[in-house]
Amino acid sequence: MTTQEIIRKISGRFPTVETTIIDGENALNVLTDKDAIVQLCAFIKNELGYDYLQFLTCIDRLDKLEIHYHLYAYASQGTIIVKTSVERVGGKIQSVAALWKAADWHEREAYDLFGVVFEGHPGLRRILLEEDFVGHPLLKDFKGKNVVVLPKI
Amino acid sequence: MKEDSAQDFITEEYLLNMGPQHPATHGVLRLVLRMDGENILDLVPDLGYLHRGFEKIAENRTYKQFLPFTDRLDYLAGMFNNHVYCLAVEKLLKITVPPRAEYIRVLVSELNRIASHLVWFGPFAMDLGAITPFLYAFREREMIIDLLESVSGQRLTYSYFRIGGVAQDLPDDFIVQAKAFCEYFKPKVDEYDTLLSKNIIFIKRTKNIGVLPKELAIDYGCSGPVLRGSGVAYDVRKNEPYSVYKDLSFDIPVGTIGDSLDRYNVRIEEMRQSVRIIEQVLEKLPGGEIMAAVPKVVKPAPGEAYARIEAPRGDFGFFIVSDGSDKPYRLKIRAPSFSNLSVLPELVKGLKISDVLAVFGSIDIVLGDVDR
Amino acid sequence: MILKFAATIYNGVMSLPQGMMVTLKYFLKKPVTMQYPDQKWVMPARYRGVVSLIFDKNTGKHRCIACKNCVKICPNYSLAIETAVGEDKKWFPKTFTLELGQCMFCGLCVEICPTKALEMNKEYELATYTREELTRSLLP
Amino acid sequence: MITVCVSYMFNLVSLFDLISNLLLNVWMNIGLPVILFELIKKFVVAGVMFGLLSVTVMFLIWLERRICARFQSRVGPNRVGFQGFLQPVADAIKLLAKENIVPQDADRLVHFLAPPIVFTAAFTAYLCMPFGPGLIALDINLGILYIFSITTLGVMGILLAGWGSNNKYSLLGGMRSVAQIVSYEIPLILSVLGVVMLTNTLKITEIVDAQKSFFDWFIFRQPLAFIIYLIAGTAELNRTPFDIPEAESELTGGYHTEYSGIRFSMFFLAEFTNMFMVSAIATSIFLGGWHGFGFLPPYVWFFVKCFAVVFLLIWFRWTFPRMRFDQLMDLGWKALTPLAFVNIFLTGIMIFIK
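Chains as they are written, first to last, in the numbering used here: chain A, 3 to 155; chain B, 43 to 414; chain C, 14 to 153; chain D, 1275 to 1628.
Same shape as in the complex, but just chain A:
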């Protein structure tokens, strides 16, 4: 399956999804709406064979939270980066933990550090920080009691 074929397949099934090729690599950027995320991921996993969720992460764009799903196919050795975005505070998105078990912990981490709520996750609770921690530290405006303001040189 070439990259072009994958793009055709995805856009055939999901007309609203934008796909772009990343130069020099066997990789694709797939930009989608957050409501279609589970259907799109299920399609990519089951029909296109992207069976390995490398990681899942968020980026704080100040006006929204971007969520990236790095997917990899062992068979075709290609990467698809599914990108979607949610509201910055109190953002909610469907969980993909049912598709990849790896998503379980990665979604917990994203919840822990960014505060994104993954609906339908089997046990969404903090993973790296303690349970009574207040706030989500990787947001750009996070102010914790232990945050040290760096000296200006």
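Hints are computed from structural coordinates only; laboratory data are not their basis.
Check the hints yourself; a few may be wrong.
Said to hold, decoys possible - Which residues of chain A face chain B? A few of them, derived with a C-beta cut under 7 Å, are:
#1 D53
#2 L55
#3 Q56
#4 T59
#5 Q79
#6 K103
#7 L131
Stated by the list, open to error - Straight-line distance between alpha carbons at most 30 Å, and here's what the computed DSSO-like set of lysine-lysine pairs gives:
#8 K135/C with K53/C
#9 K38/C with K230/B
#10 K85/C with K103/C
#11 K142/A with K85/C
#12 K136/B with K106/B
#13 K103/C with K338/B
#14 K133/B with K47/A
#15 K256/B with K47/A
#16 K85/C with K341/B
#17 K85/C with K106/B
#18 K85/C with K147/A
#19 K136/B with K369/B
#20 K280/B with K36/A
#21 K1316/D with K1442/D
#22 K38/C with K246/B
#23 K133/B with K36/A
#24 K249/B with K17/C
#25 K85/A with K136/B
#26 K228/B with K103/C
#27 K230/B with K43/C
#28 K74/C with K85/C
#29 K129/C with K53/C
#30 K17/C with K246/B
#31 K280/B with K133/B
#32 K246/B with K391/B
#33 K221/B with K42/C
#34 K338/B with K136/B
#35 K249/B with K38/C
#36 K228/B with K142/A
Source: prediction; values computed, not measured.
Even glycine gets a Cβ: it sits at the ideal position worked out from N, Cα and C.
Given chain A, work out where chains B, C and D should sit, using these hints.
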């Protein structure tokens, strides 16, 4: 006597806290075990005791400043952390590293891989009760650490790589010493085989314990020896060659059923393959520059880059988003141990408490890597 | 079938003395460890110990021009310089302190120094009794 | 003079008799009752035995640490005293000076009682152990039986320690220990039974006397029994590869996790005392006891053989990984016990044919 005498004999489940201070958790990890006598019903890992927030630190440091922090991620394989970080930044900057630097990078990385696997081998043997292999492993590791110290100046936190190359050229006698080490090390691996791998008690302890089927391993996002132990011949060095691995010949050891013994054998064989790679690199090492032309202030164009390598514990990646300033806008570390650890509850169900260590040790996690 | 079983048992049992032979081999060899306080490790030339200023042996002067590049590059902000202008109209460091408890021994400061005024010495026994002792002045 | 000294060196019993007779004469001259003298003598013998054993055990601890260090290409303790001989003493002093911590919810009485039980059981067993001809505190007819029953008492203390600490690891360790020792007691005694059948006695001195010449040693007539004894004995001692009750990487120390200071040192000493006991029994029953090859006093031969067995035990410990609990049970019940029965059966046939 009562009719239902079975009711007189009441057994209870209980919770056992393994860690955060426990000799076998290899750091500060807490495993909450739900037990029925000696049998495990359920296991919940509780992590985060070593969380230092490197991803947040990175957002407040310049690209050059963040490099020493990467040493502290997987602290047993500092070279790999340096390497993948440099690869990611170089990808953002579109820099090509001179060939000599690439070869040096591979050389020290593979030495570090052996050292890292030795630190897995020793404690794994110790988890299973054999203490002597631990000291033998550390004896050999000491020689590697000395070598790496003579190159970089530190024993664990190397900070040897730079964006665009390496910090310094190899010292004069390094090649001789590295060759001597390879000669010294090869028979030692066979000795480990005699001491441990062939030992009937060891085989009994690890065979068919913690079987990880192929599909499950992929589903959980396992990588590295854990994945290869389950029979997936996937190695980033081979499948998506970075650096100069394209020019080097080596094999990928693969297990069959994915039990603890398979994962063990994969790592032991990887040490042999690393020696092979080192010998080739020492033969091929070209002359020339060790640093590419890198601007004094690293300011990549806005964009994002994901680089990954095959670290001793698996698929290790850095995802960097740049906004055009001298600091990363967002830096995500894809830690192999994190995904590898998540499969542990699946593996130990129904086993005995002693088997937890046989499984946990064979997964080989580093808490600095899991918690970041 | 029985033969195979017997062979398994035989191999299993024989693996034990083979392992014992390996340990015996090292029992008869000399220990490889170093008796630490008596014998001391010779630090390699590149060893990264404590950051210090290089003082010329003859003149006793250092080469620092107080450019603060090291302070800027330090990832942990463990260096601090107070600058002053000397009589010869040149900048010099009035104070130069190192917060050793914060230092991560990365060597970036040494690398960036334009006058090669800094070095990392071979000191490695750095334990102190109080926290205050960890704040060191690089100037005499 | 020298020859007299040497002859006394070789025959300590006559030396002791000489001293005791001299003292008795003095005692009689003062006019005190003889029975009191006999009583005091018993105490003194017990004290000397205890002191001697303590020194031996201390030496054993040093030996284990040094030997294991050499197995691991290390040096081992070599600072305190000549070559670190006094290291165990220093450790003991350190432990004595430590705080005695009792966990909050522990069963205080049980927690307190456990170490003395283990300690006493370990030391009392030496009452029937002949160190040389006549060098035995109490030469009773049922010597072997006495030793095995007393050493098994120690497991009682271990169980109490496991229970009394109110710690899940301790409890697991205690339970494992009981299961292990109970199952390995059977092959242990069965293996000795072959020797008893051959000698028709349970008295240790008589068994030793039955192996005067080198080829009479029971290790040659009962090799299978010796191997079974060695394996089962290692298991009795909770040493690797059978150290599952302690298993520091699994149970963080097992039954003695919650013990500190002097109580911990009691467990520690008892462990090494038992280790010496197992090798002493092996020496007496299979290796000809004090019978040597001349040129050394008999008790020296006894100790030489004991330490040879001790070396073997140390060697096992620092080479092998640990077995799993169920595998251990399998080995005990499915391999060692049937083999021990086979051994008894074969011995019976041999006796019958003769």
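Status of the hints after comparison with the structure:
no., hint, in the structure
1, D53, "5 Å, holds"
2, L55, "5 Å, holds"
3, Q56, "6 Å, holds"
4, T59, "4 Å, holds"
5, Q79, "6 Å, holds"
6, K103, "5 Å, holds"
7, L131, "6 Å, holds"
8, K135/C with K53/C, "12 Å, holds"
9, K38/C with K230/B, "12 Å, holds"
10, K85/C with K103/C, "20 Å, holds"
11, K142/A with K85/C, "23 Å, holds"
12, K136/B with K106/B, "16 Å, holds"
13, K103/C with K338/B, "25 Å, holds"
14, K133/B with K47/A, "28 Å, holds"
15, K256/B with K47/A, "16 Å, holds"
16, K85/C with K341/B, "16 Å, holds"
17, K85/C with K106/B, "11 Å, holds"
18, K85/C with K147/A, "26 Å, holds"
19, K136/B with K369/B, "17 Å, holds"
20, K280/B with K36/A, "35 Å, violated"
21, K1316/D with K1442/D, "43 Å, violated"
22, K38/C with K246/B, "25 Å, holds"
23, K133/B with K36/A, "29 Å, holds"
24, K249/B with K17/C, "18 Å, holds"
25, K85/A with K136/B, "23 Å, holds"
26, K228/B with K103/C, "59 Å, violated"
27, K230/B with K43/C, "17 Å, holds"
28, K74/C with K85/C, "24 Å, holds"
29, K129/C with K53/C, "29 Å, holds"
30, K17/C with K246/B, "17 Å, holds"
31, K280/B with K133/B, "19 Å, holds"
32, K246/B with K391/B, "18 Å, holds"
33, K221/B with K42/C, "23 Å, holds"
34, K338/B with K136/B, "15 Å, holds"
35, K249/B with K38/C, "28 Å, holds"
36, K228/B with K142/A, "51 Å, violated"
Checked against the numbered hints above, the structure breaks hints 20, 21, 26 and 36 and satisfies the rest.
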